[in-house]
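K.L.:
The residues making up each chain are set out below.
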Amino acid sequence: MFDIAKVYESPADDFDVFIRITREEDIAVARQMAKQLAQEAGFSLADVTKIATAVSELARNIYRYAGQGKIMLKKKTEEKEGPYLEIIASDQGPGIADIDLVMTKGYTTYERSLGIGLTGVKRLMDSFAIYSEVGKGTVVIAGKKGRKF
Amino acid sequence: MENLRSNYGDSRVVPIIALNEFLLVPIQIDLDDRTVGLLQQQILEEIEKTRARAVIIDVRMVDIMDSYISYTISETAAMARLMGCRTVLCGLQPPVALTLAQMGVMLQDITIARDLEHALLLADSQSGVG
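Respectively, the protein sequence lines represent chains V and D.
One point on numbering: in the working numbering, the residue at position 105 of the first sequence is 118, and numbering is uninterrupted.
One point on numbering: in the working numbering, the residue at position 18 of the second sequence is 315, and numbering is uninterrupted.
Okay, chain D solo, but in the shape it has when bound (with noise of 0.2 Å):
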């Protein structure tokens, strides 16, 4: 963590809202590699500080998502959950949704929700860790 740290610098790549128990991470840039990458280190430290019991991604932004973006974020759900920390991913659009089950990709670790709203509902209704 220390040698991405000075690597890549302390630059936040999305805003992550603090809401009650929960971390809002509305992506709305395109992840290059080494976005998905900083926006996974941003995620697990900012669970670390504000205990939070689950993140939120919303993707309704984001229009392409290749395997690697997937492995990453399905990645980062598995981190989160090994601190405790449940993972929604929520707002993808129909043709990611579309080209992700045709290439075979599973996201694993991770809840899905169709809208923010129903992430909300999801990481509020269910306790301890999925």
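So here's chain V without its partners, still in its complex pose (with noise of 0.2 Å):
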């Protein structure tokens, strides 16, 4: 069974980059520092787009939804293959009762949407996992793989 408690007490040593999400300038901040962290990392413009990109949705559904949480990303930059980025949101809001609903395009709870968060985050990175549980929160946890060309 997957721990959600557990995932968002995770120490914040444990990230390259960790963000409290708690006002809606914490979204901006989220995206810039994974925009930097993903330079850094080696990833190419568009990656580093993709990946600014995530993050800013990610950030978003956890300012609206659940009201606070984290965002935590890592960079594992010793890969064979190219650079590695991990990102992590995790909340303690309400949850979501119907994930395979939520995982919808165009599916949206709130009205000013176009309910592409978080397929968009889908589509943008390699992998892509969602835990929820309702009245414990959610966890999305996504990785991006750099190509080396």
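Hints are not guaranteed to be accurate.
[Said to hold, decoys possible] Just so you have them, the derived chain D footprint on chain V, three or more residues with Cβ under 8 Å:
#, segment
1, 42-56
2, 67-79
[Claimed, not checked] To give an idea of the interface, some chain D residues facing chain V are shown, with a C-beta separation under 7 Å as derived from the structure:
#, residue
3, Ile361
4, Tyr368
5, Ala398
6, Gln399
7, Met400
[Said to hold, decoys possible] Have a look at the derived ranges for each label pair, beta carbon to beta carbon:
#, chain 1, residue 1, chain 2, residue 2, range
8, V, Met14, D, Leu413, 50 to 58 Å
9, V, Asp26, D, Arg378, 23 to 31 Å
10, D, Pro391, V, Ile112, 31 to 39 Å
11, V, Pro24, D, Arg378, 48 to 56 Å
12, V, Asp27, D, Leu316, 48 to 56 Å
To be clear, the hints were calculated from the coordinates, so they are not data collected in a lab.
Glycine included, each C-beta is placed from N, C-alpha and C at the ideal position.
Starting from two chains that each stand alone, build the complex the way the hints lay out.
P.N.:
Below, the structure is given as structure tokens:
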């Protein structure tokens, strides 16, 4: 069983970037920090943009639906194939009752939205997993591999 | 609108340049949620004031556009259209275009141009609102 609370309590030291999302401004802070880390890790400009955009979507989801949470980023540059970056978005908000439904493109409970956030993140990243429990919170873990060329 | 104004004050977030019958909006700052909301309000007010025929939004300097920013720009264009004003978006950077396409973001109610020159041409050549 995936432990949502344990992920939320992860120590900040385990990550290269650790951002608490509590205010709307933190969404922009998160994407700028993600952009910087991805650049440092050696990702191409296209991948830097995809990573920063994915982080922006995840941070906004935290702010909108859970009120607060954390974005945690970890880079692994020692990979032979190129850089690798893991994004963990974690909150202790209301959780998602029907994950399949929220992963449907165009579905949204927020009026000012394209309903593209989570499906968009999944499309931008190489790996994507979502864990959620009603009343406990939500964790999204996404990874991006950098191509060498 | 009045309510928004009292919350945010009358601050201008981006320069809006009136050029013939067009409004030129070069975005040169990171668009956080508050800024993009202010931008929308500001554009609509300027359309009303100047009776512009087209708004040209230049996003050449914008390096991250997520679905919310896209949504708000699209919504602004839809509002402008209802006011009889066309919206032309230009200068989308290749990585931004790639990201939006991959996410499946459609920019509706907006004419897309390659650059400012192309945008001015499109804004000028097309009569009516599309």
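K.L.:
Which hint numbers doesn't this structure obey?
P.N.:
5 and 9
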